[in-house]
Amino acid sequence: MVIVIIAIAGVGIWYATQMPAQAKDTLIMGTTDSVEVNLDNARSYDYFGWEIITALSSGLVEIKPGSSAGPNDIQPALAESWEQSSDGLTWTFTLRQGVTFDGARPFNASVVKYTFDRNCNLTGNGLWEPDGPQLNIGYDSIISSVEVVSTYVVAFHLKMKFAPFLQLMSCAASYMVDPKYAPMDQLVNYKSGDARASHPLGLGPYILTNWTRTGSHDSEMRLEANPYYWNKDAGLPKTKTIIIKMFSDSTALGTAISSGQIDIAYRQLTAAQVNSFKNNAKLRVWEGIGAQIQYMCFQQRIAPFNNTEVRRAIAAALNRTHVTETVFLNMASPLYSIIPAGMAYHKDSFKIYGDANYSYTQTTLAKYGYTSSHKLVVDLWYESSGHYPESAKQAAVYKSDLEASGVIEVNLHSAEWGTYAANRRAGTMAVYIYGWYPDYIDADNYAFLPFASWINMGYNSTYPAGGVQQYNLWMQGRSAATDAARQDAYYQLQDLQAQECSVIPLWQSQTTAVTSTSVHGVVLDITVNWRHWLLYWGAPATTGP
Amino acid sequence: MTLRSYVVGRVLLTIPMIVLLFTFVFLILRLLPGDPVLLHFEKPPDPATIELYRHQLGLDKPLYQQYIDYLIGIFHGDFGKSMTGDFEPVSYQIQARFPATLELTIYSMIFAVVVGVFLGVRSAKTYGSLQDNTIRIFGTITYAIPVFFLGMILQFIFAIWLGVLPPLGRFDIGQAPPHVTGLYTIDSILAGDLYSFVTAVRYLILPTITLGTVLCGIFIRLTRTNMLETLKLDFVDAAKARGLSDNAITYRYALKNAFLPILTMIGLQFAALLAGAVLTEITFSWEGLGSFLFEKISQRDYTAIQGTVVFFGILVTMVTLVLDLLYAYLDPRIRF
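Same order as they appear, the protein sequences are chains C and V.
The first sequence begins at 5 in my numbering and counts up one residue at a time.
The second sequence begins at 1170 in my numbering and counts up one residue at a time.
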């Protein structure tokens, strides 16, 4: 055995000295993600799919890196300028000229119309894929038609006033397709050995030159700088080649970054791994705000959870800091509104109850006969197959915090995702934990959750009165003509949601990436967009966030 | 019984074994709770959509019809379509991932047999000595050690601490050799690329030692026991009396006689090797059929799980059959 070990070490040392130095124009990124279905933005509806789409395509507008994605944080991309009609029902974009797909075929208003006509018509229209972002976000309820006004002017006619329209245009589902590779009547799926034919996109900072995938799981991708990128003069992308390597789990990803096999590890390292890497002089930990949230839902067809005061009492007994510290090791933040912190219009409305406010809980529940000898029994459900992070540990902490009030008894139940979703649809879970990840980065995409009909809590836009009021305020916010009016509507809405407690916000994710100290350009903001094109290799930086 | 009738009987016996395997896997997967169709949707789909998916996946047919379709498909080399992602044929997925598993299992088995037999012989030859006891303890430990634990230890020492070997994967990221057989060591030789060959070997070392070490314990014990018996036989004394060297007696005559049970054990260990390969592949991010099976179990992709398990089953059955026939050929007594 000793001989074998010595032989291995000898070969390794010899080989290590023979290895060519890694070129600085290539970065290797590791992830546990994989494209869920495909890279067609008429169907792609997962984080990683959108991450790659934003590298391979461009939208009319973008959200400024590092901003709160508010109305003043939108910057031009394929559109140089835009204006909204006085009735708020038409948005007109003047497009950038001289942009081409391949040095010859031009980008113009027809491409914009083609993109939206194709993507909106392809899904939810009796075709094989009755799914996808346009369907789930409801593009057809927002956009009436797309009109080619002139070669470089395109107009979107809306069915309703929609204040976050620019935020919608900045999300990956609204990015351009290349008509040459995007059939009007067909989705584009992965084709083994032909990366170009495996997606319909174009005009982005990168082109996809290799995509290896088996069993619907990616192995490797290679992004090469697009020589025809419209923003090339700005020095983008900053790195010529990015290779993305997929790992099976966080352990493998952590091993790869700590051994120097990859330059960047992004999604998903555990909190414990990230904390350990903070002490590694060769690595740099980047931390930013995240957009994933979790909240507690109440099935109001099951008494006593139809009682607003009972729900408030539960809200007061929760201790959000406890869960973020013990379960997420501070890689998540307590959340006091359904609109996450760091996003425009956020307000900490749920702070009115405080955390672990047991006197409030005891006093309130006593009104309904719940005491230390006759406790309120809460059947709390959580998802057990990894759909949400650390669900079992979270549930244990919630149980411990609620029971610390002395007047609540919690019975924990779990189900894997398929059963959990079926239970939700059947309305059989009394109290359950749910999560949300945004479609487009705007308060509008969160504010409806406490009365979303698909969560099936028996609390929605038509019942009860609080639900109706919330719906009206939401509509007011999304159709507001001014920023001040939007803010006013969302502030009122968040206060009302705290009063109603149809759902209770729990925590908000943080985003982390670990890189070699020589990697720069990582931006982690509320958009949670991973901007490959800003990454570059440079002089080693100080370790730390 | 002649060799011919033995072969025919043994081959015929394989058929009900494989059919039983197909049936068992088919039924077990359908008895599991959870609806694979509903897993496709984040938000509840309408009933027509659910029916459309069921129809596409053949789940709207009666169970017996699904079973017949499944059997017909297998005999045509078609393991059905994956239930996740882009609905690829499972046979394509198996074809894409199997070479990696094959490469790992071949080298691991070679390592396990060579190291196991060598140490087993040394142990028998030094019976009762410190060396014998050390080898026996080593054999027991390696037999008991969890494969992923050993893998992580080796990763830590050679990849992270010493930094002399790559910790994960089959090849340098983004630079796989041209695909011919899918076995990178063979492909790099076919391409005449020494650098690629050395790279492929470097990536093979840790997973091969991990899986091979765990398996070699059984070969150490078996070889030792058989060699101890064989070394007591009269022909060994006769060979010594004729002045043959110690090594010639041990390796040319005694080991040859003791090798038949080892051959049988290679067949039996093949199933254990594949089971170990699942964990080894996960530990080393080795993109083979084992890690594929793990992914598919977590995705509840019933067709892919079914196809992979059946493929593994057929493989183990075939290897066992070949070894049985080889055994019968080498030892005529087995036929009667």
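Since the hints were made in silico from the structure, they are not lab data.
Note that CB positions come from ideal geometry on N, CA and C, so glycine has one too.
Some clues are possibly wrong.
Examples of chain C residues toward chain V, derived with CB under 7 Å [as the list claims (entries may be wrong)]:
| hint | residue |
| --- | --- |
| 1 | G219 |
| 2 | S223 |
| 3 | K249 |
| 4 | S252 |
| 5 | T259 |
| 6 | A260 |
| 7 | S263 |
| 8 | F452 |
Quick partial rundown of chain C residues pointing at chain V, CB under 7 Å, derived from the structure [unchecked claim]:
| hint | residue |
| --- | --- |
| 9 | V65 |
| 10 | T218 |
| 11 | S220 |
| 12 | F251 |
Each hint tested on the structure:
1. Hint on G219/C holds. Least Cβ distance to chain V is approximately 4 Å, under the 7 Å limit.
2. For S223/C, the suggested interface contact is upheld, since its CB lies about 6 Å from the closest CB of chain V, less than 7 Å.
3. Of the supplied interface hints, the one on K249/C holds, with its beta-carbon coming within about 5 Å of a beta-carbon of chain V, less than 7 Å.
4. With its C-beta approaching chain V no nearer than about 6 Å, S252/C sits inside the 7 Å limit, and its interface hint holds.
5. For T259/C, the interface hint holds, since its Cβ comes within 7 Å of a Cβ in chain V; the closest pair sits about 5 Å apart.
6. Residue-level restraint check for A260/C holds (minimum Cβ-Cβ distance to chain V is 5 Å; threshold 7 Å).
7. Hint on S263/C holds. Least Cβ distance to chain V is approximately 5 Å, under the 7 Å limit.
8. For F452/C, the interface hint is violated, since its Cβ never comes within 7 Å of a Cβ in chain V; the closest pair sits about 13 Å apart.
9. Restraint check, V65/C versus chain V: the minimum CB separation of about 26 Å is more than 7 Å; hint violated.
10. Using the Cβ-Cβ criterion of 7 Å, the hint placing T218/C at the interface with chain V is satisfied: the shortest such distance is roughly 4 Å.
11. Annotation: S220/C was flagged as interfacial toward chain V, and the flag holds, the nearest CB pair being 3 Å apart, inside 7 Å.
12. Hint status for F251/C: holds, given a least beta-carbon distance of 5 Å to chain V, under 7 Å.
The structure is inconsistent with the numbered hints 8 and 9, although it conforms to all the rest.
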